[in-house]
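> Okay, here's what each chain looks like letter by letter:
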Amino acid sequence: MADITQRQAKTKLAWRAHLKPRSLGRAITTAFLFLGAWVMIFPFIWMISSSLKPTDEVYDSTFSIIPKTFKGFENYYGVLFDQPYLIFLMNSMIVCVGILVIQLLTAVPAAYALAKLKFRGSNILFGTVIAAITIPINVTSIPIYIGLVKVGLLDTYIAMMFPFFLSVFAIFLFRQFFRGFPDSIIQAARVDGFTEIEIIVRLILPSAVPAIAAFSVFSFVAHWNDLYWPLIVVQSQDKMTATLSMMQYQSNFDTDYGRTFASATVVTAPMVIAFLFARRLFIRGITMTGVKG
Amino acid sequence: MAQLTLKNIKKSFGQTEVLKDISLEVNDGEFISLVGQSGCGKSTLLRIIAGLESPDTGEILIEGKSVTNRAPKERNVAMVFQDYALYPHMSVAENLSMPLIMARLPLHARLPFLRFVAPAARRDRPVIAAGVEKVAKQLRIGHLLDRRPAQLSGGQRQRVALGRALVRDPKIFLMDEPLSNLDAKLRVQVRSEITELHETSGLTFVYVTHDQVEAMTMSDKVALMQTGELLQVGAPNELYANPANLDVARFIGSPEINIVSADPGVGLKLGNVNLPAHLQDVVAGDLKIGIRPESITVQNMPGLAFANAPDNSPTLAFNKRLVEDLGPELLIHGTFEFEPETPIRIRAQKNSGYSELGPLTQTEKLKVQLNANALLFFTKDGKRLDLTSVPFQAKEKNEELV
Chain Y
1 MADITQRQAK
11 TKLAWRAHLK
21 PRSLGRAITT
31 AFLFLGAWVM
41 IFPFIWMISS
51 SLKPTDEVYD
61 STFSIIPKTF
71 KGFENYYGVL
81 FDQPYLIFLM
91 NSMIVCVGIL
101 VIQLLTAVPA
111 AYALAKLKFR
121 GSNILFGTVI
131 AAITIPINVT
141 SIPIYIGLVK
151 VGLLDTYIAM
161 MFPFFLSVFA
171 IFLFRQFFRG
181 FPDSIIQAAR
191 VDGFTEIEII
201 VRLILPSAVP
211 AIAAFSVFSF
221 VAHWNDLYWP
231 LIVVQSQDKM
241 TATLSMMQYQ
251 SNFDTDYGRT
261 FASATVVTAP
271 MVIAFLFARR
281 LFIRGITMTG
291 VKG
Chain W
1 MAQLTLKNIK
11 KSFGQTEVLK
21 DISLEVNDGE
31 FISLVGQSGC
41 GKSTLLRIIA
51 GLESPDTGEI
61 LIEGKSVTNR
71 APKERNVAMV
81 FQDYALYPHM
91 SVAENLSMPL
101 IMARLPLHAR
111 LPFLRFVAPA
121 ARRDRPVIAA
131 GVEKVAKQLR
141 IGHLLDRRPA
151 QLSGGQRQRV
161 ALGRALVRDP
171 KIFLMDEPLS
181 NLDAKLRVQV
191 RSEITELHET
201 SGLTFVYVTH
211 DQVEAMTMSD
221 KVALMQTGEL
231 LQVGAPNELY
241 ANPANLDVAR
251 FIGSPEINIV
261 SADPGVGLKL
271 GNVNLPAHLQ
281 DVVAGDLKIG
291 IRPESITVQN
301 MPGLAFANAP
311 DNSPTLAFNK
321 RLVEDLGPEL
331 LIHGTFEFEP
341 ETPIRIRAQK
351 NSGYSELGPL
361 TQTEKLKVQL
371 NANALLFFTK
381 DGKRLDLTSV
391 PFQAKEKNEE
401 LV
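Sequence order for the protein chains is Y and W. Quick note: the first sequence uses this note's numbering, first residue 1, plus one each step. Quick note: the second sequence uses this note's numbering, first residue 1, plus one each step.
Derived by calculation from the structure, the hints in this document are not laboratory data. Treat each hint with caution, since some may be false.
[Stated by the list, open to error] As a list, the in silico PhoX-like pairs of lysine-lysine whose alpha-carbon atoms are at most 25 Å apart:
1. W:K10 - Y:K118
2. Y:K118 - W:K73
3. W:K73 - Y:K116
4. W:K134 - W:K73
5. W:K73 - W:K7
Here chain W stands alone, though its shape is the one from the complex:
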């Protein structure tokens, strides 16, 4: 069982601490994404797993055995690189066969000239050819075997890179932003292919990306990193619905989550709405409230689906600035009346009654309702307050608003 365990990994390059005490558990056959902004240390962590870098302290275990001081080859991991890293002067077939040759043949059988007579070479050559053929068939690149990497399109190179990683039957499959050099359409296609590959192969996948959409759509588990630390590890939906802190909430979700501050004045207020009294006891100082774009419902715009918010959901005045029509839904940009400097995004589903709006940039006053159950509360310094379902009071006060 190819279980991967990282224990207290630390790594510095000179003065900069790139990884600060990372511990992570990846189960056999799991697809985990390491996601974060560039420079957060996710690629370094992947290269440490591969054995291309060694950690300053800490331990890496594969199948429960420590491989911390092992060379990449001995770890039996395969890696797909962002720029594919195909061997430029070798044909596709040679590229695919290289990992097998290196894994199966002893050094003397790989030497020039001698490799044609060495018994190991003679015995294993058909096995290697068969392995290459199988992978080529699986990835539908059989017709490209004689070509050089330079003669392939981006998508084809990507497949060859996947094939080269797959051919050796590795324990763990590592991928370093494999889709970032592909155009948008191809990216979606290869994304589903990789997911499929994960399902059919049953291997453990570690996937590095800066694109949270990739991380959310492909993985069983997402590990969100920031400045060398793991912010949160969990299932994609868990990170989305239940973020551990403000940074996670901000990173996961597109369009980004809306953050508004609650007024710490006389009683805690969100706009004109009073927040539950018990919040005041929990929070000293500012309170930040995260609202997902789809948790806001526009009430006085025709043709938009109306989600049933709980009764106690607060209603606020909203100034519409700009509408983006995305086809099935609208993205409405604007601000809450009570906090005009914070841009707010609302995602609104169209329904059958939808007809063309006026000019998309027309400013307009709207009445919007926040789904009380979907609000996320954070302290001023970004820590999540776990307060499920906050009962809002003073329903009649809402009426005064608009």
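Okay, chain Y solo, but in the shape it has when bound:
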């Protein structure tokens, strides 16, 4: 009995000794994380807060999170009902899904070839792929724009999707992932009579679900949030993506910031909600590919 109490006392002491020097370090760590979280979250808070204010209050020198005059209803009503908001959302969906599907269709076979097939010049080809990652869209946008003008495809869905059909990043990501797939299984499949496409569809893809999920989120978010390219190639309102529709409240003479922020909130919401749902899958995909986003 005495032995037990003694041991308890000992563990208690050890526990305290363990806690004490760490508690200060912990406090600092927590404070640091709070600061980081605040930096990340504050723009969102600002966005939501401003979306509830009239324009002149957005410009007010004394910033407060709680709006003095509440214009939330007017702002959100204007965004959701004075314009074809659902059309914008649908356009965004069409563009993002279209881009993603073609990206997967092109990147998966290319990545498989680079990861698992032996052919002359595969290393050079892969080097080219890596090099292509470094070229930003701004470099290629003017030639592509001129091309689209020439074939008369401006102001269409195709125009919005076309530059993104080939994702070099996807090829790289999938190639790294596929390399981990055992060669012997592929060889067994060849002996069993699988075609190369069947090897991809029946064997590689089911094992690559985390990588595909991770890339899908990357791609979807990137193109959902893309303002630059739709702004260049689309003029008519019925083709506008949700992100582009925010620009409608800006003109040379007058900008309705309350509504712009309300619009931004409404446009961001679907992505944030989707991310919260798919968070676990997303993180697993990132860690499994060894690519830290």
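Position chain W against the provided structure of chain Y, taking the given hints into account.
Chain W alone, transformed into the frame defined by chain Y:
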């Protein structure tokens, strides 16, 4: 008749020559083992037979027809891989049915959705199911059909891999070290199962292994490879009793063969024993003599079976260092007195008079006799000298030895 012929196969990876002009003939229904140390090219050769690699030059014939430029599928061979290579996200039943689906159904009938309506798919589905069932029964894995490979033990995975190879009724059955991932006990069991499978199926088997015991126990014919060349092809016993060169003699047999040099001084001598005079005429320079561990008999140790060596067998002095008791037999390590730097292993059967030895590591001088008929002679560079039954002389000289 699934006869397999390899003609002058050569293969290089970059600068390294992996296979140097391999020619091999495998008869229908034969079980042949390709055996050799890792890196000798045996797996590459197997993959060339399967069609997973193509040879730089040479020809592969199955049933007398050249398949050198055919895809693996068209060769109708089946292969079992070292790591089983089961399709990870498919159930055992799906794994087993895949080769049949690929062989029987045309491409359009294998597509998603369409495969449920295509007439070929509808017609062949019961046939495929029956095939899977038959193989599952044969390999006693019927209760595992719904499981995934990850849920199976090593032995079960091995069976599924065998079943997947068997289900298609291939012409040739290729196996790449299929037992090396199993534990020792299971290995012996599956070994006999594979032998049985070979007998019941009557197929041609090509079996790659680095383990000479597997090769010796399972095959009709053993092909021993080293650095891309075939050293010797023959029945297991032939390789053991009649090796073509020193490397074959060293590789085959466990424990390894003992190699001692004969003294090239005044007359050829093995220790103090004179070698037959005619050997001197055949061999210029050093002579190497291979003695199997069981061809040496210990004469002055009680309780060991005494093999009757021919009269002319030489007797030598032996320094015992260590004894390993293997149950029915002893493995005695030591050296011959005349060549103290070469370790020698002796395999001695116990008989009924055997009682516990003293400390196993005790050094002791023994008198041992070599079976004159079982000695193997090699030249210095390892070539075998075919000299059967060497008559030793100077019997009285042996007496001086011990």
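> Which of the listed hints are broken here?
Those not satisfied: there are none.
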